[in-house]
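Peer 1: Build the complex from these two chains, which are given one at a time in their own frames, with help from the hints.
This is what each chain is made of:
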Amino acid sequence: MESLLSPLLISLQVSFATLLLVYPPALLLGLLLSRRTFPGKSVVETVSALPLVLPPTAIGYLLLVSLARDGPLGVKALGVDLDLLLTWKGATIAAAVMAFPLVTRAARVAFEGVDPRLEGMARTLGYGPLRTFARVTLPLARRGLLAAAILGFSRALGEFGATVIVAGNIPGRTQTLALAIYADLQSGHDRRAMALVALTTGLAFAAVWIVEGLLRPTPRRA
Amino acid sequence: MLELDFHVPLGGFDLRVEWRPEATALGLFGPSGSGKTTALESIAGLQPRAMGSIRFAGESWLDSDRGVRWPAEERGVGYVPQDLRLFPHWSVGDNIRAGQARAATAAVDPPLPRVLEVLEIGHLLDRPIGALSGGEQQRVAVARALASGPRLLLLDEPLTGLDQPLRRRVLDYLLRVREEFGVPTLHVSHDLGDVRLLATQVALLKDGRVVATGRSEDVLESAALAQSAREAGFENLITATVATGHDGWIEADLEPGLRIAARGEAASGDLVTLALPAAMVLLARTPSTDLSAGNRLEAVVESVRASPTGNGMVDVLTRVGARHTSIAASVLAASVPRFELKPGARVHLIFAAHACRVVADRQGSSKV
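Top line first, the protein sequences correspond to chains A and B.
If you read the first sequence in this note's numbering, its first letter stands for residue 61, the second for the next number, and so on.
If you read the second sequence in this note's numbering, its first letter stands for residue 589, the second for the next number, and so on.
Worth flagging that the hints you see were computed from the coordinates, not collected in a lab.
Bear in mind the structure is a predicted one, so any value in this text is a computation, not a measurement.
One thing to keep in mind: the hints can contain errors.
[As the list claims (entries may be wrong)] Going by beta-carbon spacing under 8 Å, a handful of chain A positions derived as facing chain B: (1) 165; (2) 186; (3) 187; (4) 188; (5) 196.
[Said to hold, decoys possible] Residues from chain A that keep clear of chain B, each with C-beta distances beyond 12 Å, as calculated: (6) 83; (7) 104; (8) 118; (9) 125; (10) 138; (11) 140; (12) 142; (13) 176; (14) 189; (15) 218; (16) 264; (17) 271.
The beta carbon of each residue, even a glycine, is placed where N, CA and C say it ideally should be.
So here's chain B without its partners, still in its complex pose (with noise of 0.2 Å):
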């Protein structure tokens, strides 16, 4: 449905968009500052800078190979920003059908008075603007989008401010709308628990660079583990080649000659990223073969340091192979004298393959 494979020159940080999911029900997921409202107007036609190519239902939006760029105006968005951009000289009924001209020839015409009622706003229609609340500034910009019959909905971060029973009626009507019209819709977030809701399929967006893709409850169980990780300071995600893959367990190459097993689907060929906690990585002085556990890989220590969540553990930053891949262990102190645990050491990591699980399917050269 949406093919997306641009990048946005951003001065000194560079915006990079491939994803091209099935899905009509799409989240974009990530921290703020990772480039989520910049991806967000390059596919509504707000980025002048965006570069490459932007597709919607067989339609090439962007092309800048072959100069097209298709204006904001024939897109056929309803775009949501995060600061709703309401036009202040209209009252709140002139807003809502700021696209009705739209509305009445595009494909999609979610009908007016049902939006007013469950968005709770029909009594506003005839303030000014400056006169609501922020919550009802931001039901007015959603009830706007949706009037105007869009063919895509871009929400930023909608939910955002409204209280918890309205934002549960706002989510119910947003997933009705996508049930009853068809309306795809494009979902921003930094919060997983909107995305979960209204997306099936997602992206994870991480200093400009989708780090993972795939179905919502995978990305979002492993960026929920990665946010859980990150806040305890230490996580592994290692990119590797798979070579084999069946019955949801993957072997996948390091690097030539350094295999890992894992948890996950994917096909041969593949380059996927894979999540592994450093609580689950064991250290060893010895290559110890009489352990269940399948993965066992030399390292160099690199760094050994206090966890910042001071709990008595340590992390420990080691390079596997000639490509120096970074795995961090986290271990107890009291570890840290017994083996000898200082830069430059050679110890052996070791984890079971339920540990490591497929986070993101980058879409390798098999599949393209």
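In isolation and in its complexed conformation, chain A is listed as follows (with noise of 0.2 Å):
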């Protein structure tokens, strides 16, 4: 079983470092796309939801392109190190980029289901924008919100192509469950590779049964 428990830990800890970087990000632009018209919104729009589209691949080819030495977040550029390539840094890296479009796109559908009428009504009842951000704003929006947090951690959990290509596949370094799967496959472990399908099917089951339940309507509004 600890070899089961290794891939386990290591995408727990990436989907979670995952999930703190793209969050907050994810939130604000998707708060901004649903709240705002600017200029270049839908080009904005577009690179976005790129890694949606592109073969993960390809992201994490230019990912490992990007953070080579010379590269234009390398060494020689940033002058500092961020030792990120064959480290579950890096895989945390790949995995965001991966889950930053599904989240953002969660949150602004969460964010457009909140009437900004209700916000402006707590204006006229003396409340700024922050407060009205998050004395109505948020809490309305908190289960869809919600269900973006555990996309993006479904996300993470299961991304491969990216993370292979930037954090390598390493026993116990950057090895996630995902990884594992591929490595016993490839190298006949076939007893092992089904133990780890089952605990990422568990995984998975868990997330998407709650993001079900939370984005189904209450029976209180019907």
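Peer 2: Structure (structure tokens):
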């Protein structure tokens, strides 16, 4: 079982880290896209959605090139070594890029579900913009925002293509569940691969089940 | 108290409100689609497209020339929108207490227990909003606005949907709030009765324009007149410049050289709107001089059509003077052949000065 525990822990570590990294900017962008019109909005929408449609290996390759020593995010350009390639942090970066559009979209839908007239009402009652956001917008969008978080977490959990390019497939260091299944399949450890698949399926089932529950309309409003 | 001079471009429709009422019980009256709600939201600070100036109690809430635009939270209004906008994630009590933080610092603070008592919602405080009936939600929205210690109450048809006894009680309380605490109120309605009860000074809004302002009894009488006339399909509203005015009578010019006498108060130089019921206009083929009616105007018939009321009357639309001012007359169908009433025919319009009255003072050049 020890050999199952390592990819599970690495997967959970990468997924939680991904969520922490992605959630704040994705929420901000989702809010911006749901509430504001600005020049270049459609460009921002398109660029932020690209990872949804590009092959993950293409994203992985772009990240690899960017993070290489002489890339735009490499040690020569920044003057400091981020030490991301072939580490769990690299896996997190890869998963974050892949999860970002999904979380942004879910957050945008969640904010669009909040009637801006309720926010205006709060303003007339003396609430400033921040207080209105905290007391009215966030609570009303909370179910959709929670669903966005779980979607982002799940996306990170299942990430393979970009991760394997940026972080490699190093057992005990960067080998997540998805990578371990592939490695076991390649090396003929079918029983272990099946156990990992079962573990992953359990996690995915729980995540999807919670999201569906969150997004179901409440009977109270019916 | 309230000084409004703003406009809101609304894509194919331009709301323009110019009104400087002095009273504290104000009504904005008009048919649906006339721009009443947009006007209220502009005052509340919820209409980012509003341009011009809005001043209240000496404070400039909006002055787009100088880049002044107070956010809604600083204006201190208590707003009851027509769709109520109760916070669905809070209980009734939380909704009502939403503006209490401001009430604590506001000059006016209607005591919450009194508000709950009069609106009969004390027993609802712990309920979720979704569990309330329509009438209960309405009362909660009024309570929320009152409990926020507003300096100006903006009510958008808040009594619609209340049953008669409750409506009466809520009206009484709104009146008492006004008297006890001096909360100025702007009440928007398409219901003449509501406005008559709550407002001492009103503006009549039509197609995005203030077409009449003044004391509520004057404007509403003319509005009621206009409403009944509209139902009959006919009415005259004529713009004129006052030449002389004294003792409740005026003489005003439709254009230079076309002077008529009318009933009402206005000063020389004022631009006024005069209401003249079409049924009060007589037609003659010759300029009769032996009638008591003081107003005689030469006109050209533009159209003749059966009255939509179908009571044997005919609506005759005529044009008067070089500016082609339109004046309608309602005559018996039998008169049409006798007077040879057809487009292009020349007629004389005759009406008594007391049939024509001032309904709106547009604050002409002499008053500004």
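Peer 1: Indicate, hint by hint, whether the structure satisfies it.
Peer 2: Right, here's what the structure says about each hint:
Using the Cβ-Cβ criterion of 8 Å, the hint placing residue 165 (chain A) at the interface with chain B is not satisfied: the shortest such distance is roughly 23 Å. Satisfaction of the interface hint for residue 186 (chain A) is found here, the shortest Cβ-Cβ separation to chain B being roughly 4 Å, below the 8 Å cut-off. Given hint, residue 187 (chain A) at the interface with chain B, holds; its Cβ is 6 Å from that chain's nearest Cβ, closer than 8 Å. Restraint check, residue 188 (chain A) versus chain B: the minimum CB separation of about 6 Å is within 8 Å; hint holds.
Hint status for residue 196 (chain A): holds, given a least beta-carbon distance of 6 Å to chain B, under 8 Å. Distance check on residue 83 (chain A): its Cβ is at least 21 Å (rounded) from any Cβ of chain B, clearing the 12 Å threshold; non-interface status holds. Once the 12 Å rule is applied to beta carbons, residue 104 (chain A) is consistent with being away from chain B; the minimum gap is 22 Å. The Cβ of residue 118 (chain A) sits about 42 Å from the closest Cβ of chain B, beyond the 12 Å cut-off, so the non-interface label holds.
With 12 Å as the threshold on Cβ separation, the claim that residue 125 (chain A) sits away from chain B holds: the shortest Cβ distance comes to roughly 44 Å. For residue 138 (chain A), the non-interface assignment is confirmed: its Cβ lies about 41 Å from the closest Cβ of chain B, beyond the 12 Å cut-off. Consistency note on residue 140 (chain A): stated as away from chain B, and its beta-carbon is indeed over 12 Å from all of that chain's, at 43 Å minimum. Look at residue 142 (chain A): its CB is around 42 Å from the nearest CB on chain B, clear of 12 Å, so calling it non-interface holds up.
Listed as outside the interface, residue 176 (chain A) is inconsistent with that label: its C-beta sits roughly 10 Å from the nearest C-beta of chain B, within the 12 Å cut-off. Its beta-carbon lying about 8 Å from the closest one in chain B, residue 189 (chain A) breaks the requirement of being farther than 12 Å from that chain. The claim that residue 218 (chain A) is not at the interface with chain B holds, since no C-beta of that chain comes within 12 Å of its own (minimum 33 Å). With a closest Cβ-Cβ approach of about 30 Å to chain B, residue 264 (chain A) is found to remain outside the 12 Å limit, as its non-interface label requires.
At roughly 20 Å, the least C-beta separation between residue 271 (chain A) and chain B is larger than 12 Å, which holds for a residue marked as non-interface.
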